[in-house]
Every structure is written in structure tokens, then in C-alpha cells.
Amino acid sequence: MVLKRIELNGFKSFADKTEILLSPGLTVVVGPNGSGKSNVADAIRWVLGEQSPRSLRGSKMEDVIFAGSDRRKPVGMAEVSLTLDNEKGMLPVDYREVTVTRRVFRSGESDYLLNRSPCRLRDLQELFSDTGLGREGISIIGQGRVDEVLSSRPEERRALIEEAAGIVRYRNRKREAVKKLEETEQHLIRLGDIIGELQQQLAAISSQAELARRYQTLEVERKEVELGLLVVDWEEMTATMEKTRRELDRFSALLWEKEAQLATLEGAEADAALAARQVEEALTATRQEAHRRTEGVIALQGRLNVVRERIKGLAAQLQLLTKEQEQSRLALAELRNREGEQRERRRLVAEELMASQQAVDARLLRNAAAREAVTAVEKEIADLRRRLFDSAQALARLRTQLHEADLRVARQEAQVRRLEGERERSRSRASELVGEADRLRREAAARERQRADKQAERDADAAEMAQWRGQFNELEHRLSQTMRRWQEVSARRKAIEAMEKTYEGFASGVREVLAQVKAGNPQLQGIIGVFSDLIEVPPGLETAIDVALGGGMQNIVAEDDQAARGAIEHLKRTRKGRATFLPLKSLQVYGGPGRDVLNQPGVIGCAADLVRSATAHMPAVRFLLGRTLVMENLPGALQFARQTRYQWRIVTLEGDLLQPGGSVTGGSQGQRGGQTFLRRRELALLAEEEQTLGLAISDLKQQREEAAEQIGRLEGRIQAQERSIAHLDAEKAANAADLARLQREMEQEARQISGIEGELAILQDDLASLMAEKARLQDEMVAAETEAENLETAMSERQGELERLRAAGEDDREDLTRWQLALARQEEEIRGIDQSLAALHTEIGKSEKEIGEKEERCRMANGEMVACAEEQIYMEKELAAAVAEEACALEQVRLRQEEQAEADRGYKETMERRKAVAAEVQPLREKVHQLEVQLARLDAEKDTLTQRLAEQWDLSPEQARERGRRPEDRRAAQKRLNQLRALQKDMGPVNLLAIEEEERLQERAQFLSRQHEDLMAAKGTLEQVIAEIEGIMVRRFSQAFEEINSRFGEVFADLFQGGRAELVLTAPGDLLTTGVDILAQPPGKKLVNLSLLSGGERALTAIALLFALLQFRPSPFCVLDEIEAALDEANVARFGRYLQRLSEKSQFIVISHRKGTMESADYLYGVTMQEAGVSKLISVRMTRPDENSA
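Just so you know, we're using UniProt numbering here: the sequence shown kicks off at 1 and counts up by one.
What the hints contain is simulated information worked out from the structure, not anything from laboratory work. Incorrect hints may have been included.
[Said to hold, decoys possible] No more than 20 Å apart at the CA atoms, straight line, and that leaves these computed lysine to any residue pairs for SDA-like:
1. LYS774 - ASP406
2. LYS379 - GLU801
3. LYS179 - GLY1020
4. LYS975 - GLU221
5. LYS223 - GLY577
[To be verified] Estimated spans, in silico, between C-beta atoms of each pair:
6. ALA696 - ILE195: 50 to 56 Å
7. ARG484 - LEU685: 14 to 20 Å
8. VAL664 - ALA696: 45 to 51 Å
9. VAL664 - ARG573: 38 to 44 Å
10. LEU685 - ASP561: 35 to 41 Å
11. LEU365 - ARG336: 28 to 34 Å
12. GLN979 - ALA696: 40 to 46 Å
13. ALA720 - ARG425: 44 to 50 Å
Even glycine gets a Cβ: it sits at the ideal position worked out from N, Cα and C.
Take these sequences, add in the hints, and give me the full structure.
Structure, rendered in C-alpha cells:
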């Protein structure tokens, strides 16, 4: 299998679609730095499934998409395709040519294609497994892989052996098994904690049941005491509100009177304040006018003083300017004298300069002729020296080549002897491998049959377990819902029964009589029961009968008057309320309506006929319901009442009530309509539903236990089958790996024998060529030595002539230097004189300009002095007038101040009277506000109390006063209420369903115990699997290490042309974790660790190890990315020759920029960037000399 074609489109710098055609042999991709040649290796690595952007020299996967350049926009997709020749069927697909494609979009989407059909990454990984191209192969070797070998610690370096031996997948399986084992142990710990917690809960559940009963007893007493206290609070609050309201009215009237008086005084105070403000404003205006006059006087005085000072300053300035003008004229005369002296000196120096220049020119001509003669001789000597150097180099090269020829002859002879020995060993090894491969194939077929049987059994059990597990989950869900519904129904039934037993909603007198009857009080013999308990109401009529009876529902039925009288006397004696009694023997029973009334439209019937009761109790039924008709709706009832002149008592199904005489009662019934009879019907239904749910729960629990038993049984069988399958898979994988290794070894031995025979023929031809080359080099060396002697003689003669010419020219140069120095001094002096003249000229101009400016300033100062004198006279007159106006303004200020004092006195008197009244108003306002707040607070508390009665007891205040029992001692009642609350609070949370909760916890504890046993079994299985995997890893690592170590020594000797190297285990006793160290002995040196070699030797040793790994686990093709970059030219040449030999067995694609590697190539591709940021490709087929001759 070879790589035939690479197609790149939008991948990194390959913006355009690029196709690389490849053939068997050695293909080298070259190009300058940054041209994108390494992107070819990245593309192959990427399409084979590389998932790490760092391995592709990026930070995220989108970095492989062409990002654009100065002239091109970014593209939205990168795609790479590899086309492989599958003629030999190495890939398990029915195609002779396989194309693998990977593409990625900027949106993050990614696709894999196999022969243009979508597939998964896992499919590609399975396709390339055991071919050398998978994740465990080393089909792509980059410079980083060489650095990894060099810089890795021994523990890290063992990963190379593991990858080559195929141990990585076993290590991954072990890691997964260890992870599952850790998870199982965590599950065991968690289950232990849960079971311990459940046991604690079970220990506490019995005490919770007793606590719940005590809590209910305390709750009944607490409600009774609290209701009595609320009634007392409501009555006291009503009295307090009335008293507060009367007091509020009295203080409000007094406050109104005082506020009216205060308003009158506030108006008078405002008028006085207005008059005072008007006087104050007039005073302020007068003061401002006086202040303005004063400021005017001060300003005039200041300006007059400024003018006087200005006159003094101008006089002093005139005197100073006159003195400075005289000094400037004297300095100007001095500067003009110096200028004449400098001009005369410059003329004399210029004459000397002309004479010196003529002498220098004559000597320069003489020196130029002497230099030309020296230059000619030097050129002849340089030419002779170059020829002599070339001759020496040629001679040294010939000697080196002759020495290398001798060494090559010796190595070739040794190589021939070594290859003949290897050929014999390979033939013997090949026959042994054939027998071993046949044995492994027979074992593999037997294991495959066993595994198929186990897998079929496991799949059948897994399908059955999935069905049972689904059924178990459904049963668990249904059981949970049924239990929750049963708990709700049971709690509701018990609550209603408790209400029925305590006659919730009945008057206190009725409850007392019934309680005494139930207790067997002999004084209450003859009491039958409450009326509502003696009748049965058909469904749908509950609301109508409840409204029709009204308070009669709580009437107590007695046998005769004596029984009723005894009960009434008991109530009076105990002061437990009142009750109405129906003595059966003395009741006046109504006959009821006739048939003509019952047949009217909308009439359902007589209420007494619609309910069911015992015959003995019918007098009471007729007494209460005999004259009540039940009708369908209110409109029909109103029409019927009008027709019968309002003679009958009528009730509708919705609870509307029409009384004889015409009154109508109706509206919303709230939550109490039909409550008594509906509650009894609900109680019967709840009891029936509770029994049904209990049977359903028992049935579901039994089904769940059966499903759990089936699941446990199947899980045990599946785990046993999976252990068997895992064991067979491990043996199968080991067998397949061994068989593949044997097959590779057999093919390798065959290729090696063929290669050895070819190499022997080549070596014989090379040996003859080397001998001829050695004779030619000896002849060339004799001729080169003769030529070197002749050149040395000629160069000695020309060297003497050069020394003579140089001595004669030295004297002429010294004389020329003296004249040049004199000429330079004269030129420098002239430049200095010119600079002095220029400076003098500038200073003379400045002096003349300064004298003119000072004369102008004198004229201006004289004119300004005259103007200032005139201004001084005018300002003195203006100042006298301003002083007079200031005195008048100050008099006006004094008069306004007297008026202001009078207005302030009147304002203060009015304000004092207003403050006295305001002091009386404020306490009254505070008192009224206090009473209003108190009344609002009482009103809010009363509303809160009313709302609390309605929400907690469903009673109005009037009903609460009738029903509640007022405590004789309020403080004692409050103390008892606090005690009851404290007792309930001390109980903490109370579980009213403790017994049901205990059963549920016991079932869960049993289930978790079974789970714990299953996990312990799974833990043992995992530990056994890990031990088996470790055994396989040790065996495969040991075999791979021995073979790779042997091949490493051979490759090292080939690349270094001698020496030896070996791999050493750092911990031979622990093959699972031992590190791998490298010892090497290049020719002529001692055996040392890899780290002690030179840089080039270390790199070549690392390459030898990678080649040994590649031979152990060969790949159909191999990509090498600049792995020889650190080698010198000699080692690169060895690397190239060895690579050329390997390319006869495997296909190589090499990224390189070394000359020696290029010379070894069969095909050469060049990568360039004609356009910035975009890579282009050109190809060259290399032709060897033997091919040209053919």
C-alpha cells in the first residue's frame, strides 16, 4: 500500500487547490523558510485524525483554514484528501483505491469522508489500525519527535516502545478499567453511607409515631385555648376603640379653635414683615448709593496718584536714555577700527597660502607615480599567492579524498562480509516464522468461535435484562405514585374521621351532649344522636338539604321530653352552651305536599321524601323537612312560589332558599355549602380508594421484587459472559498482534534477503570503482606538488622588488605631509579672519540701530510728560466735586436707619403673640395625631384578628363569641397557651406517617444491600481484568523491547559506519513503569549515555532509534519533517544513503532543505511563495547516472 496522491484546498498557506502526485520511493519536498513546506506534513497528520491544534502549530482547529493575505480574502473551508493504493488489500475495504478526506469550516463544523461518503473519525481509526498509520504508529516523524527522544526522561521515553508495541490501547483499557474500579469503590462507599443513614432513620421512626400522637393532643387543646383568648382580645379591643374615638373628637374641636386664632396672628405678622422688608430695601438702596459715591472718590484719588508717579518716572527715563546714547556712539567708533586691522591681516595670509599650494601640487604628482609602481608589483604577488593557495587546497583535498577512498574500500569489504552473514541468518529466521504463524492462525480461529458463542449469549441476556429493567423502572414509578396517592388519601381520611369524631363545626352545646352520650353518662339516656347523623342524602342533593336544614342539622334527636330535659339541665349545670332537641314522641309531623304540587314543573320532590332514614326517626325528618320542596333552579322556584302564593318553603339544588311569605335567600355558598353531607360521602369514597390502593401497592411491590430478582440474575450472567469475552478479546488481540508481527517479520525477512543480495551486487561494483578512483587521485597529487614548488620560487623574487619600491616612496610621503600641514594651517587662519570680519560687521549694524531707537524713545517720553501734566490739573477739579456728593449721601443713610428701627419693633411684637398661640397648638396636634394613630392601630389589629378568625377557624367574630369558651383567668390561659406552644416547638418536626415511612425505608435498605453485593462482585471482576491486561502489557513490552533494541544497534552501526548502541531499562524488575535509557558508542569513543554525546551525534542517535521503531512497526508510507536539520554535511550524506536503502521497502516523503537529502531523492517537489502568503508547488523527477547511461 502506497500513498498515490495528496489534494489540498484552503489548508493553511495552500489557498488554491493543489495536487501532489506521489510514487514509491523517496520523495523530498524542499523550499525556503516560511514557504509552507511543513504544511504538507501537517496536512497528512490532520487528515489521519489529529485532534490537537498544537500538534498542527495552531491554537484552535480553525487556524488550519487559509486566513487570507494582502491580496486575497480568507476562505471558509479547508479540505485535504489522501488517495491510497489498496491493491494488496491491507485496508479492510472492497476498494483497490481508497480516498480519505477531512474538511473543516470556520463555523466549527467538521466532516470525514471515505471515498467521498461521510463517515466517523472512529471509522477511520479502525480502518487504519494495525496498518502502521493509526494513532499507535510512527508514520509521521517531525523535528519535535527527535527533540522528544533527546530531551525526554527515561520514564517518558518508554512511550516510544509502548506505541511501537501496540501497548497504548491496553494501557487505555487498563485506565478505563481502573476508572471503573474507582467508580465502583466510590459507589460502595456511597452505598455504605446511605445504608448507615437508613438504619439511623429506622431506629428513630418508632419514637416519631409516639411524638405525632402527643402532638395532635396538644394541637386540639391549643386551638381551644387560643380561640378563647382571641374572643377576649376582640371584645377588649372593641371597647378601647370606642373610648379612643370619643377622646379624639374632644381634642379635635379644641385644636380647630386654636388653629383659627393662629391663622389671624400669622396674617398680621406677615403684614409687619412686609413693611419691615420695604424699609430695609430703601435703606439698602441708600447705602449702595453712598458706597458708590465713596468708591468714586477713592478711584479718583488713586488715578491722580498714578498720574503723579508717571510724571516722575518719565523724567528719570529721559535722563537714563541720554546717558546710554553717548556710550553707544563711543562703542561704534571702536568696532570700525578693529574691522580695518582684520582686513589687512587677511591679505598677507592669502599670499602665503598661494605659495604653499604650488609646492603641495608638485609633490603629489611625484607620489602618484611611485604608488602605481608598488600597486603593479602587489598585484603580481597577490596573483601568485592565490595560485599557491589554490594549489595547496587542491593538494589537501586530494590527500583527503585518497584517505577516504582507502577507508571506503575497507568498509565496503567489511560490509560485504556482514551482509553475507545476515543473509544466512535471515533465511533461517524466515523458516521459523512460517511455522509459528501457522500455529497462531489455528489458535485464533478457535478463539473466534468461542467469542461468537459468548457474544450471542451475552446479547440475548442483555436484551432480556433491558426489558426487565424497563419493567422495573415502570413498576418503581407506578409504585412511587401509588404510595404517594395512598399517603394523601390516608391522611385525608384520618383528618375527616377526626373532624367527624370531634363534630367539627357543631356548636359547643351539641358537642358536649354527644361527648357525654359517647362517654355513657346515665343522665343522658334516651339521646339518639344528632339529626345529620341519622339521615342519608342522595348524591347531588347535599347542598340543597344542607341549606334546607340550616341550624336544624345540629338538632339532637331524643326519644322523649324527659331525655331532652335531662340534656338541657346538664348544659345549664356545666355552662357548656345550648342545643335544640327533637323528642320523637312529642313532635307534630306534617303530612307533606300533595301529588298535584309534586307534579309541577321543576319540582324534584319533598325534602323529607328525598332523604333516607330509619322508620323510627322519620318524625324528626318530617318535622324538619316535611314542608320543604326541592326544585331545580331559582327561576322555576320563584314562578312556583308566585303560583302557590308563597305557601311553601322551597330550596334549589344550588342552595337558594325561598321562605313562606316571599323572602328569598341566595348567593355564593363559599366552601361550607353541603359540607357535612359531602364530607361523609368523601369519607366513604376515601376508605374505598385507600383499600384499593393498598392492594395495588402490595401487587406492585411483589412485581418489583420479581423484576429485581430477574435483573440481578441476568446481571450476574452478563458480567460472567463479559469477563469471558474480555478474556477472549485480550487473547485474540494478543494473538492477532503476534500474527501481524510474525507476518511483518516474514515480509521483512524476505525483503531483507532480497535487499541484501541487491546490496552485495552494488557493493562489488562500488569496490571496483573505488580502486580506479584511488589510482587517479595518486597521479593528480604528484602533479599538484610540482606546481606548488614553482609558484613559491616566483613569489619570493617579486616580494624583494616590492620592499625596494616601498622604501623609496616613504621619504617622498614625509615631505608631502609637512607641506600639507602648513597649507592647512594657512587655510584655517583665513577662515578665522573671515569669521571675525563677519562678526564685527554684525555688531556695527546693531550699534547703529540701537542709537536710532534710543533717540526715538527720548522724543516719545517728552510728549508723554506734557500730556500727564494736563491730566493732573483736570482730575484735581473732579475730585473736589465727588467729595461733596459723598457727604450728602451719608446723611440720607442716617435717616433711613431710623425708619428701619421703628418697623422692626412692630414686627417683633406681632411675632411674639403668634409664637405664644403656636406653642398651644402644637401639643394639641400631637395629641390628635397620637389618638388617630392609636385608633388606626386598634382598627388594623381588629381587622387582623377578624381575618385570623376567618382563616384559621372559618368563623366571624360573632360566631367566635358564641363558640369560644372565655377563660376565667386570662393570664393563666395565656400561660397555658405558651406552654402548649413551647411543648409543640420542643417536639420539633413531627412525622404523621411514621409507620408507612418505616416500611418504605426497610424496603429501600434491602434493595441497597443487594446493590452492595452486586458492586462487590463487579469489583472482583474488574481487578481480574486489570491483572490480565497488565500481563499482556508486560509480555508485549518485553518482546518489543528486545527486538527494537536489536534493530537499534544495527541501524546505529549503519548510520555511524561502526560503533554500537543499546537501550537499557532503568528498572528491569518492573516492566510496567520502567524507564528506557540510551547508551551509545560512536566509532573510536567509549560507551556513554546519550546526554554526553555531541549535538550531531545525539541527533543521529535519535534518528537511528526512530528508524529502528519504524522497522519494528513498518508503515506503508512515512513522512519525515526536517529531522536531519541538526546534522552536519557528512552525517546528512549518510542519512540520505540510508534513507535511499529504506525507500526500496517503504515509501518516504521527506520535508528538508539539506543538499545531501535532496541528492538522494527519486522525486523532488519545491514549495515557493510567488504571491505573499500563498504556497505554490513545482515538481522535478530526479535521474541517477546509471539511468542516464541506460
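Going down the list of hints, with the structure as the test:
1. Only pairs whose Cα atoms come within 20 Å are accepted, and LYS774 paired with ASP406 is accepted, the gap being roughly 8 Å.
2. Restraint check for LYS379 and GLU801: satisfied, since their Cα atoms lie roughly 12 Å apart, inside the 20 Å limit.
3. For the hint linking LYS179 to GLY1020, the alpha-carbon distance of about 14 Å falls within 20 Å, and the restraint holds.
4. The straight-line distance between the Cα atoms of LYS975 and GLU221 is roughly 13 Å, inside the 20 Å bound, and the hint therefore holds.
5. This hinted pair checks out: LYS223 and GLY577 have alpha carbons roughly 18 Å apart, not beyond 20 Å.
6. The hinted window of 50 to 56 Å between ALA696 and ILE195 is violated, with their beta carbons roughly 28 Å apart.
7. At roughly 18 Å, the beta-carbon separation of ARG484 and LEU685 lies within the given 14 to 20 Å, and the hint holds.
8. At about 49 Å, the CB distance of VAL664 to ALA696 agrees with the hint of 45 to 51 Å.
9. VAL664 and ARG573 have their C-beta atoms about 42 Å apart, which keeps the hinted 38 to 44 Å range intact.
10. Against the hinted window of 35 to 41 Å, the Cβ-Cβ separation of LEU685 and ASP561 comes to about 39 Å, which satisfies the hint.
11. The given range of 28 to 34 Å is broken by LEU365 and ARG336, whose C-beta atoms sit roughly 46 Å from each other.
12. Evaluation of the 40 to 46 Å hint for GLN979 and ALA696 yields a pass: the beta carbon distance comes to about 44 Å.
13. Range check, ALA720 to ARG425: about 48 Å between beta-carbon atoms, so the 44 to 50 Å window is met.
Checked against the numbered hints given earlier, the structure breaks hints 6 and 11 and satisfies all the rest.
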